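Chemist: Here's the letter readout for the chains.
Protein chains: 2
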Amino acid sequence: MKLSSRIDVMKPSAIREAGKLIAAKKNCISFAAGLPSPDFIPVEIIKEITEKVLNENGVQALQYGPTKGHEPLLHKIKERMHKKGMPCGIENLQITTGSQQAISFSAMLFLDKGDTIITENPSYLGALASFAPFECQVKGVNADSEGMKMDELEKLLSEDKKAKMIYVVPNFSNPTGKTWSLERRQKLYELACKYDLPIIEDDPYGEIRFEGNHVPSIKSMDIENRVVYLGSFSKIFCAGLRVGWVMAAPDLIDKYEMIKQGADLQSNQLAQMQVETYLNNYDIDAQVDKIIEGYKSKRDLMCHLIDEHFPKSILRTKPEGGMFVWLDLPDGVDATDLLHKALDIDVGFVPGGPFFAEKGHENTIRLNYSTMNPDQIEIGIKKLGVLFHDEL
Amino acid sequence: MKLSSRIDVMKPSAIREAGKLIAAKKNCISFAAGLPSPDFIPVEIIKEITEKVLNENGVQALQYGPTKGHEPLLHKIKERMHKKGMPCGIENLQITTGSQQAISFSAMLFLDKGDTIITENPSYLGALASFAPFECQVKGVNADSEGMKMDELEKLLSEDKKAKMIYVVPNFSNPTGKTWSLERRQKLYELACKYDLPIIEDDPYGEIRFEGNHVPSIKSMDIENRVVYLGSFSKIFCAGLRVGWVMAAPDLIDKYEMIKQGADLQSNQLAQMQVETYLNNYDIDAQVDKIIEGYKSKRDLMCHLIDEHFPKSILRTKPEGGMFVWLDLPDGVDATDLLHKALDIDVGFVPGGPFFAEKGHENTIRLNYSTMNPDQIEIGIKKLGVLFHDEL
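For the record, the sequence lines run as chains A and B.
Taken in order, the first sequence gives residues 1 to 392; the numbers are from our numbering.
Taken in order, the second sequence gives residues 393 to 784; the numbers are from our numbering.
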């Protein structure tokens, strides 16, 4: 049987594949996946709100609901967007199964085969995976500590007439943990206006800031209605419930809703009501504060241990928030080889190469610090330190 | 901003759009949506199993899980497939967000722009919607009371070299409620083999049989591994949880898993554990029996009332299972006009035209009998009877 030509350009997620290798080993310390800390999953509270939802609206929670999303949840998200400097109405919102689904829908909405998607280099691996079925060219623009390099971006935009969409994670990016400066955001927006392109602003980590000042979102500057903002409860509440949202101009949201009808009719109804009931009855900001405090101390620990135990030839980022540290190893080192050796000593991570649109950069690694506990971070980083000293 | 060319060929679901019109009216009796009966949603049991899941494995239920699905659930589905005459291993299974998502993934897997998808005429509207973004031609093959007409199918296959996939709902089809004979299933399989095509066998209603003998699935004849079977808990347990599955050859399942990674990472983890815990602790067959008994009496009631109150020029199907009756009205009648008049007297339904691949057939209507209670069915059908006598 003949498969679609798109299947030839798709490949399994390097994170999920590394995850399988790690899962196959017992007691492996994993810095691979981007899992929220199990310590901050509010199981008892969720038991309570779930009971409340099922007692008060059980049939509704378990029946089909609207494709656009559970309306009371849309209103709560609207309030939250307002509070975060992005006022909107529910006509600007569509619920998705995590923001991952919103990335995939964005590709479906804006891209034809052969078009160009512009991303930061490196970029979120899951976004690259969701772009693949649409058979586009992904072109990565290099970044420095302030964000995407705007001269490189402008050169690319002036040359590539097939560019149709720009995808960025400006806050505590996955994979590098870097945050864009206000100036870069403004410049990106200006260029998107000049070249009439949509910006997909993916912001799953934006609320998890440990230090430094909040930088306004690109969406908050969006007088031309060209920014599609993707939000998610996965990192600030519960990933397993898979509740995210798109915020965009109403005419675009109508299209997202239409895409969702065909894609899966709607997201889990109970989950939407769980999130709404949580937002109504508990203080999510206090929950976010707990996560910030916990992740900050883990980041401090991991960075401190890296500085102490890794060879000086390995460079790292210092994220002001989020869940990841990024390592640059000396040229010529292959992080995938290192992963296999690390697995032999029961430590896992994700090689950084697959986060880049183009080949190369095999000498990079993404480390997650949110999932493991402090003891595991200490043991794992020390073990990696010994391995890296041996191998480099 | 330029949108993808696919957006031009997509349109909002006629069911969900009719649903919005109906929802805007208070106290409207709706035969439009394909909602399971609220009477058989086991809210108390789900409260119990949810508490059990959250008590015993709360963190796992609320954390990210594997893309392929929750492994214990895969094992329970494997057992169920075995019982239904389609033995398989978990390597043959992928969890999806309802079978709707599996239809969309199938299009993504098998189709390139410009290819032909063959469906029964009429076919499930949600499938047509999920095909639209892939910019294929959908060609409907007419059906009689035994299923798709095989001479028409063979003619089409011999002529259309772009045909890449056949999509069918052989049991109590949505929208007509018809069931295919064994001979037609065998002939379809034979033709799929001859032309080397995959068959997508969508079977959300297969277990809800009121009378007549079980007819083996096409999957159960699949010695060449070319049938992709889609199953769902939406109609036999809870639609709002959005848990369905694909069963296919392992090499295809690997591709479905890869597509799901990019599409939404995974389905709701808690929902998968709720379904698994239900299957482990309760008798889903007893639940299905309750649904069968309830829907059978509603079908009897609706069909009896149609015969008594509708003009004789309106023909109906008599489904042996499932959730829908299909009406053929006299040529020249426009069911969309009738819908607007029906809404004025607080009754809703879905016009049948959009269920066809090609234009025409505006003189058809799908009626759902599972959602409304007997009193509502009686009032609604009598009101429609008066309207149809006036209008026809």
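Hints listed in this document are in silico derivations from the structure and should not be mistaken for laboratory results.
Check before you lean on any hint, since a few could be wrong.
Covered stretches of chain A, going by a simulated chain B footprint (3 or more residues, C-beta under 8 Å) [what the hints assert, rightly or not]:
hint, stretch
1, 55 to 62
2, 93 to 101
3, 146 to 160
4, 259 to 265
5, 327 to 341
6, 346 to 354
7, 359 to 370
Lysine-lysine pairs mimicking DSS-like chemistry, simulated, CA-CA at most 27 Å apart [said to hold, decoys possible]:
hint, chain 1, residue 1, chain 2, residue 2
8, A, K76, B, K394
9, B, K547, A, K2
10, B, K541, A, K2
11, A, K2, B, K417
12, A, K149, B, K418
13, B, K505, A, K161
14, B, K531, A, K76
Model, not experiment: these values are computed from the prediction.
Every residue, glycine too, gets a C-beta built ideally from N, C-alpha and C.
Chemist: Hint by hint, say whether it matches the structure.
Modeler: Here is how each hint holds up against the structure:
no., hint, verdict
1, 55 to 62, "holds (count 6)"
2, 93 to 101, "holds (count 5)"
3, 146 to 160, "violated (count 0)"
4, 259 to 265, "holds (count 6)"
5, 327 to 341, "violated (count 0)"
6, 346 to 354, "violated (count 0)"
7, 359 to 370, "violated (count 0)"
8, K76(A) with K394(B), "31 Å, violated"
9, K547(B) with K2(A), "21 Å, holds"
10, K541(B) with K2(A), "25 Å, holds"
11, K2(A) with K417(B), "48 Å, violated"
12, K149(A) with K418(B), "55 Å, violated"
13, K505(B) with K161(A), "22 Å, holds"
14, K531(B) with K76(A), "43 Å, violated"
Figure legend: structure checked against the earlier numbered hints; hints not met, in rising order: 3, 5, 6, 7, 8, 11, 12, 14.
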